[in-house]
Amino acid sequence: MFRKFMATVFLVSIYSTTAFAELSLNDLGFKKEDIKVDSKTVQMMEVRKNKLQIHQKLGLATMAAMTATLLLSDTAESEDGPYNTNNAHKYAGIATGLMYWTTAYFSLTAPKPDDMKDNGSTKIHKTLAWVHAPLMALVPVLGYLHDQNNKKGKASTGLVSAHGSLATVAYAAFMAAGLTMYFDF
Amino acid sequence: MKIILIALTILSTSVQAEVLSGNYELKKSKVDYLVTYLIKKAPAESVESKGKGECKDAACEFLIAAPVKSFVSKDSNRDLNMLGVVKGDKFPLVAVHVKSKSDISSGKLIADLEVDFAGIKLNYPGVVFTATKTADGFHVAGKFDLLLLKHKIERPTLLGVAIDENVPMTIEADWKKI
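Just so you know, the sequences run in chain order A and B.
The opening residue of the first sequence carries number 1 in the numbering used here; numbering runs sequentially from there.
The opening residue of the second sequence carries number 1 in the numbering used here; numbering runs sequentially from there.
Think of the hints as simulated: they come from the structure by calculation, not from any bench.
Mixed in with the good hints, there may be bad ones.
Subject to a maximum C-alpha distance of 27 Å in a straight line, what follows is the list of computed DSSO-like cross-link-like pairs (lysine-lysine) [to be verified]:
hint, chain 1, residue 1, chain 2, residue 2
1, A, 36, B, 121
2, A, 36, B, 30
3, B, 30, B, 50
4, B, 121, A, 31
5, B, 87, B, 150
6, A, 57, B, 74
All chains, full assembly: derive it from the sequences and hints.
Right, here's the structure in full:
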């Protein structure tokens with residue numbers, strides 16, 4: 001009797017189908033306005049993403065050009081070297097400047113949604129731009145003036161003599177800005 | 001005598017067993033994902049999930065959903081980018097349909113998940129959650145890898161290198177019996 005009862009219980013447990021009430025997203029109580037993602041924001045972010053990807057790649061190329069310019073600076077003073085390194089530093093500097101401001105253009109013209117706040121790595125990245133951007137405007141002018149002084153055989157003084165130091169600060173700030181996007185701080 | 005012994009065994013087992021039953025509502029939850037770039041990792045989390053569930057006849061079904069825009073990382077630029085990547089304007093919710101047994105005596109809940117993400121439903125069978133009964137319901141915690149390519153997600157890139165295809169998702173949830 002008991003065996004028959006257990007067998008019945010076993011069979012019922014195997015063959016019974018558990019019927020659940022249909023669970024629906026509508027039952028969860030989300031309000032439409034709370035979950036809605038504005039399609040204009042998504043479109044704007046697509047444009048932003050494309051521009052910032054160019055900014056990213058140009059930024060890397062600028063890092064390389066800036067490094068080369070800095071490495072060439074040591075020999076920039078010697079007019080009579082076999083490779084005319086003075087001009088090499090100058091042209092590398094011009095190329096760096098052009099690349100730098102093109103990189104900046106893609107960042108500055110990337111659309112930004114109103115509700116976007118800069119935080120995390122982006123905030124550090126942008127804060128550092130306040131250091132390297134003014135310097136990248138100033139350093140080429142100082143470089144030109146320093147070159148003019150050199151040609152006239154005059155020693156540079158004041159801010160012009162700080163061309164190298166300011167360029168190094170710009171380089172450090174720019175490299176740090178780049179690295180913030182690739183590493184977590 | 002034999003019958004009494006068997007009955008006592010069954011009775012003692014049923015007393016020890018922790019079996020979920022009835023209707024449940026999500027009380028509190030934390031869902032996070034971890035995106036892995038070439039040289040860095042970016043976590044983001046949401047605490048805005050909602051869910052309901054029902055357990056009966058030794059089985060449970062739950063439905064949990066979170067607005068995609070509720071996932072927040074340290075970088076709002078990344079979060080807004082993510083909305084485009086996951087087609088958030090068309091599919092604003094990520095929903096998980098969970099089916100499992102109701103017995104959590106072992107401290108585990110092995111569940112079959114159906115994840116509806118970016119407009120693609122995908123099954124993730126046999127996901128193991130730790131499960132403990134609480135005063136008013138139960139607590140679960142578990143992890144599974146979301147497969148971006150299978151959800152037809154175009155993976156973001158950094159330096160031309162796409163993020164990892166597998167995105168670990170960690171779920172912690174407190175369910176309350178209603």
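In ascending order, which of the hints set out earlier in this document are inconsistent with the structure?
Those not satisfied: there are none.
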